[in-house]
Amino acid sequence: MLHVMKKIIVIALVFVVGLINAQQKKWTLEECVTYAVENNLTVAQYEQDMQNILLDRSDAYGALLPDLNASTTVSGNSGLSFNTASQDPVTTSTSNVGANLTSNVLLFDGLRNYRRINRAKLNVIASQYRLDDIKDDIRLMVANAYLQVISNKESLIVFKAQYAVTEQDLKRTKELVESGVVPKGDLLEIEATAANQQQQIVNGESLVLISKINLAQLLQITDYDSFDIAEEKFNIPPSNILTNSSKEIFNKALTFRNDIKFSKANVELAEKDLGISKGARYPTVAGFFNYNTRWSDQNNFFGGFTDQLYKFDGISYGAQINVPIFNGFSVKNNIARARIGVEKARLQFEQDKLDLETDINQAYVDVTSFLKAYEAAEKTLEARRLAYEYSKERFNVGLMNAFDFSQAQSRVDNAEAEVIRTKYDYIFRLKILEFYFGIPISLN
Numbered sequence: 001m002l003h004v005m006k007k008i009i010v011i012a013l014v015f016v017v018g019l020i021n022a023q024q025k026k027w028t029l030e031e032c033v034t035y036a037v038e039n040n041l042t043v044a045q046y047e048q049d050m051q052n053i054l055l056d057r058s059d060a061y062g063a064l065l066p067d068l069n070a071s072t073t074v075s076g077n078s079g080l081s082f083n084t085a086s087q088d089p090v091t092t093s094t095s096n097v098g099a100n101l102t103s104n105v106l107l108f109d110g111l112r113n114y115r116r117i118n119r120a121k122l123n124v125i126a127s128q129y130r131l132d133d134i135k136d137d138i139r140l141m142v143a144n145a146y147l148q149v150i151s152n153k154e155s156l157i158v159f160k161a162q163y164a165v166t167e168q169d170l171k172r173t174k175e176l177v178e179s180g181v182v183p184k185g186d187l188l189e190i191e192a193t194a195a196n197q198q199q200q201i202v203n204g205e206s207l208v209l210i211s212k213i214n215l216a217q218l219l220q221i222t223d224y225d226s227f228d229i230a231e232e233k234f235n236i237p238p239s240n241i242l243t244n245s246s247k248e249i250f251n252k253a254l255t256f257r258n259d260i261k262f263s264k265a266n267v268e269l270a271e272k273d274l275g276i277s278k279g280a281r282y283p284t285v286a287g288f289f290n291y292n293t294r295w296s297d298q299n300n301f302f303g304g305f306t307d308q309l310y311k312f313d314g315i316s317y318g319a320q321i322n323v324p325i326f327n328g329f330s331v332k333n334n335i336a337r338a339r340i341g342v343e344k345a346r347l348q349f350e351q352d353k354l355d356l357e358t359d360i361n362q363a364y365v366d367v368t369s370f371l372k373a374y375e376a377a378e379k380t381l382e383a384r385r386l387a388y389e390y391s392k393e394r395f396n397v398g399l400m401n402a403f404d405f406s407q408a409q410s411r412v413d414n415a416e417a418e419v420i421r422t423k424y425d426y427i428f429r430l431k432i433l434e435f436y437f438g439i440p441i442s443l444n
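My numbering puts the first residue of the sequence shown at 1, with every later residue one more than the last.
The set of hints was computed from the structure by calculation and includes no laboratory data.
A few of these clues could be false.
[Said to hold, decoys possible] Ranges between beta-carbon positions, derived for each pair:
1. L140 - K392: 42 to 48 Å
2. D297 - N104: 30 to 36 Å
3. Y35 - R385: 17 to 23 Å
4. M141 - A161: 28 to 34 Å
Built from N, CA and C at the ideal position, the CB exists for glycine as well.
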């Protein structure tokens, strides 16, 4: 009994430790991206669509095979009939059993079935491109949401650091007021600044929580309270992507982008549909085979049940050809529709390439402009900090009032917030441009 209790305690401890570790898990960007792709509901829905498409391919192969169907009929009737032995009309009841075995095979249909098989194979490939493109979009969405959490966390750290500085200023101001260096109104101004910063901290905590919930929802995680990302501070990652021109990035993107592959496959699918439509102009040839037999209690002189089935069986076989002559313009119109479908698919393919080039050009410009914005924000912050230190010295000796001093502090706060915003705006745009170049999403 003691041994069993010890075992239960060990299992419970292992479970508790595992639960604590799970709650304390800190998600990296790579883990978030992988988990989102594997668990996203949209991906799961399209994976089910893939299963349907695989079944369509199986249907296309199955259409080449002969079918085989069996049927049986059991019937009875009563009424006036003719007795063949006595040559007299009599009222009788009869029972009958019939059996039938039929097979049909399509021998030629203008090669439409073979084209359907080729189309089904291509559709499997196209659907995989579509699924992979959805996964690419999810990767970008997760990266953006992840960076938003980091940005909000860094902003919250700055808000708390700013408040800590203001608390020191508040303490110093009280001393200056007590010594008569500055008026009491300056103390009230600093207290107002402190209250405003406390509000910023509250808002910052809310933004962190909301951004974490948004990221968790992309990952289909509902335990928002314990969900958190790794505590990492990201600097501007090194990248030589701008050594390539936007045209070079576009040309490479054309070779591997799943949305472009999917668009091109749609053109090929439309061409397959056109070939299938044209096949309807040709004759179709089908073969058939039929075996049937019967039994009736009125034919007992031919033997028993088994004997009758053997004696009354029969076989029929042959081939049938159907030649399309006139079908109310349906074949002609279907071919015309298929041609339109091919042209629309080609135009969409060209539009998708144009959209991709536009997106890459925009991403290229964004990387350049956001890098400049980040560098400018850093310079502004440095200047604001120097100005703040100068203002603080003047305030401490009574040469600046609290309002002007708080404005200097506010300008530093705004400059720090702008550095964080432009920093992560730049990182995200950089990752988008690298993604167009085939570089996996990573913050390392």
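Status of the hints after comparison with the structure:
{"no.": "1", "hint": "L140 - K392: 42 to 48 Å", "in the structure": "44 Å, holds"}
{"no.": "2", "hint": "D297 - N104: 30 to 36 Å", "in the structure": "33 Å, holds"}
{"no.": "3", "hint": "Y35 - R385: 17 to 23 Å", "in the structure": "40 Å, violated"}
{"no.": "4", "hint": "M141 - A161: 28 to 34 Å", "in the structure": "31 Å, holds"}
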